[in-house]
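K.L.:
So you can see what is in the structure, the chains are spelled out below.
There are 2 protein chains.
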Amino acid sequence: MSNSGTYHVPMAGGGSDGRTVAEKLFAIADAFQGREELTLSEIAGSARLPLSTAHRLVAEWVEWGGLVRGEDGLYRLGLKLWRLGVREPKARRLRAAAQPYLEDLLDSTREHVHLAVRDGLGVVYLDRLSAPDAVPVISDVGTRLPLHATGVGLVLLAHAEPGVLEGVLASGPKKYLPGTLTTEHELRVRLAEIRSVGVSRSVEALTRGAFSVAAPVRDASGDVVAAVSIIAHAVRRDEPQFDLGVRMAARGVSRALGWRP
Amino acid sequence: MSNSGTYHVPMAGGGSDGRTVAEKLFAIADAFQGREELTLSEIAGSARLPLSTAHRLVAEWVEWGGLVRGEDGLYRLGLKLWRLGVREPKARRLRAAAQPYLEDLLDSTREHVHLAVRDGLGVVYLDRLSAPDAVPVISDVGTRLPLHATGVGLVLLAHAEPGVLEGVLASGPKKYLPGTLTTEHELRVRLAEIRSVGVSRSVEALTRGAFSVAAPVRDASGDVVAAVSIIAHAVRRDEPQFDLGVRMAARGVSRALGWRP
Numbered sequence: 108m109s110n111s112g113t114y115h116v117p118m119a120g121g122g123s124d125g126r127t128v129a130e131k132l133f134a135i136a137d138a139f140q141g142r143e144e145l146t147l148s149e150i151a152g153s154a155r156l157p158l159s160t161a162h163r164l165v166a167e168w169v170e171w172g173g174l175v176r177g178e179d180g181l182y183r184l185g186l187k188l189w190r191l192g193v194r195e196p197k198a199r200r201l202r203a204a205a206q207p208y209l210e211d212l213l214d215s216t217r218e219h220v221h222l223a224v225r226d227g228l229g230v231v232y233l234d235r236l237s238a239p240d241a242v243p244v245i246s247d248v249g250t251r252l253p254l255h256a257t258g259v260g261l262v263l264l265a266h267a268e269p270g271v272l273e274g275v276l277a278s279g280p281k282k283y284l285p286g287t288l289t290t291e292h293e294l295r296v297r298l299a300e301i302r303s304v305g306v307s308r309s310v311e312a313l314t315r316g317a318f319s320v321a322a323p324v325r326d327a328s329g330d331v332v333a334a335v336s337i338i339a340h341a342v343r344r345d346e347p348q349f350d351l352g353v354r355m356a357a358r359g360v361s362r363a364l365g366w367r368p
Numbered sequence: 108m109s110n111s112g113t114y115h116v117p118m119a120g121g122g123s124d125g126r127t128v129a130e131k132l133f134a135i136a137d138a139f140q141g142r143e144e145l146t147l148s149e150i151a152g153s154a155r156l157p158l159s160t161a162h163r164l165v166a167e168w169v170e171w172g173g174l175v176r177g178e179d180g181l182y183r184l185g186l187k188l189w190r191l192g193v194r195e196p197k198a199r200r201l202r203a204a205a206q207p208y209l210e211d212l213l214d215s216t217r218e219h220v221h222l223a224v225r226d227g228l229g230v231v232y233l234d235r236l237s238a239p240d241a242v243p244v245i246s247d248v249g250t251r252l253p254l255h256a257t258g259v260g261l262v263l264l265a266h267a268e269p270g271v272l273e274g275v276l277a278s279g280p281k282k283y284l285p286g287t288l289t290t291e292h293e294l295r296v297r298l299a300e301i302r303s304v305g306v307s308r309s310v311e312a313l314t315r316g317a318f319s320v321a322a323p324v325r326d327a328s329g330d331v332v333a334a335v336s337i338i339a340h341a342v343r344r345d346e347p348q349f350d351l352g353v354r355m356a357a358r359g360v361s362r363a364l365g366w367r368p
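So the protein sequences, as listed, match chains A and B. Each residue of the first sequence is one higher than the one before, counting from 108 in my numbering. Each residue of the second sequence is one higher than the one before, counting from 108 in my numbering.
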């Protein structure tokens with residue numbers, strides 16, 4: 108913004124902070140990952156942009172329909188992004204295949220039921236069905252959480268190529284609660300157990316008062332492409348039906364994707 | 108691409124065709140509205156970009172996660188867009204509020220059940236539940252169709268500010284089938300009828316062999332914010348239960364949004 112009096116022609120590929128226009132535009136969208144509505148200055152702050160640049164680029168988002176400006180002056184994600192998002196083929200197919208099995212699992216357990224996929228070193232929740240009095244959790248549809256701290260994440264990590272575990276270890280996995288596995292030894296032992304037993308069981312790994320049971324979903328080629336889990340009140344952790352329910356649901360989804368034992 | 112030997116510094120705000128970088132990036136995303144996977148040259152063609160520009164901007168989308176390049180070399184929408192899309196608050200709330208009523212309507216009718224909102228001069232389908240042997244239709248979740256040619260669109264048009272009808276008429280509404288209303292007189296008569304009767308009934312307005320019944324969804328302030336419809340086989344058009352079912356479902360969704368009669 109301060110060009111010492113010389114006329115500055117910004118490059119198409121980059122601005123004064125070294126980011127391209129595209130990177131700045133995407134940083135604006137990323138500001139909405141955790142927030143539903145933002146002021147222009149909140150967007151500028153989150154995207155680390157001068158207010159004038161944010162103003163210009165936000166206007167481009169609004170023009171396209173990816174953001175909308177409400178009568179209250181706040182910006183929200185727009186229907187255009189929703190329309191593009193629902194056409195993303197991977198989440199779309201997995202959700203459609205999983206829906207009846209998730210519903211059956213919910214009916215059988217009356218807790219939280221999740222469907223999730225791996226996204227780099229994280230797990231993204233594609234769907235969540237919840238009973239009214241289920242334990243409070245932070246995972247919601249679209250949430251991305253670390254692989255090592257969630258049941259679905261551990262299942263996906265157990266079946267990922269070896270480089271993924273290296274990546275998790277190199278990232279300095281955070282210990283959220285006493286039940287969170289963070290060392291290489293703990294993780295290797297647990298991942299081997301998951302591969303051998305077929306389900307992951309964790310108690311208070313990320314959420315106090317909760318335990319999780321998770322199992323892998325395979326596609327027609329046998330690759331693990333997703334995971335199904337239950338998050339339930341920790342007091343119910345010795346009830347035997349959760350393992351079976353999660354296994355059955357994960358196998359049902361796998362069969363719907365063309366997998367055969 | 109051909110700069111006659113002179114070094115050309117493109118402007119941040121615009122390229123050689125007058126579009127900004129943002130407009131070109133968004134044109135790339137728009138290429139995926141009707142298609143699930145595209146080659147680079149298909150993207151370039153749809154976005155009207157030179158191949159080299161498309162290559163560079165698509166790489167920025169991939170870097171961010173909005174597009175992914177498969178092992179087959181084809182590009183698809185990425186999980187990042189799906190994650191943003193599911194956080195769009197309007198579709199999210201309406202879908203959540205409507206879901207049980209749409210399911211009840213589906214169970215009662217065994218046809219297609221839709222939830223839709225107005226988006227400019229179009230209607231966007233937020234949800235669709237379909238019985239296995241329902242009539243083939245082109246509307247799917249995320250589809251955008253013209254207001255004048257759909258039952259939900261007519262309901263939303265009947266309750267929109269007057270400028271919207273002017274916009275539809277000025278856009279030259281297309282006659283898809285004999286049942287499509289296109290003239291100002293036809294539309295004004297029908298919209299008045301919809302406001303008076305409370306539902307819209309159309310036969311073969313957009314889809315051969317189908318009829319639709321649609322009703323408005325209101326929020327706590329009484330504004331019409333969405334519409335619910337059934338699309339059913341035209342042979343069933345004299346069965347009396349569809350009107351009642353759609354009215355009940357639309358009122359149920361409205362109540363879930365805080366509306367009171």
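Bear in mind the hints are in silico, worked out from the structure with no lab data behind them. Where a beta carbon is used, it is the ideal one built from N, C-alpha and C, also for glycine. Hints are supplied without guarantee of correctness; some may be wrong.
[To be verified] Just so you have them, the derived chain B footprint on chain A, three or more residues with Cβ under 8 Å:
hint, stretch
1, 129-141
2, 241-251
3, 324-334
[To be verified] Below are the SDA-like pairs computed for lysine to any residue, each with C-alpha atoms no more than 20 Å apart in a straight line:
hint, chain 1, residue 1, chain 2, residue 2
4, A, Lys197, B, Lys281
5, B, Lys281, B, Ser303
6, B, Lys197, A, Pro157
K.L.:
Now tell me if each hint is right for this structure.
P.N.:
Hint by hint, here is what the structure shows:
1. 129-141: holds (count 7)
2. 241-251: holds (count 3)
3. 324-334: The restraint on the stretch 324-334 of chain A is violated, since only 0 of its residues have a Cβ under 8 Å from chain B and three are required.
4. Lys197(A) - Lys281(B): 34 Å, violated
5. Lys281(B) - Ser303(B): Answer violated: Lys281(B) to Ser303(B) is near 26 Å, above 20 Å.
6. Lys197(B) - Pro157(A): 29 Å, violated
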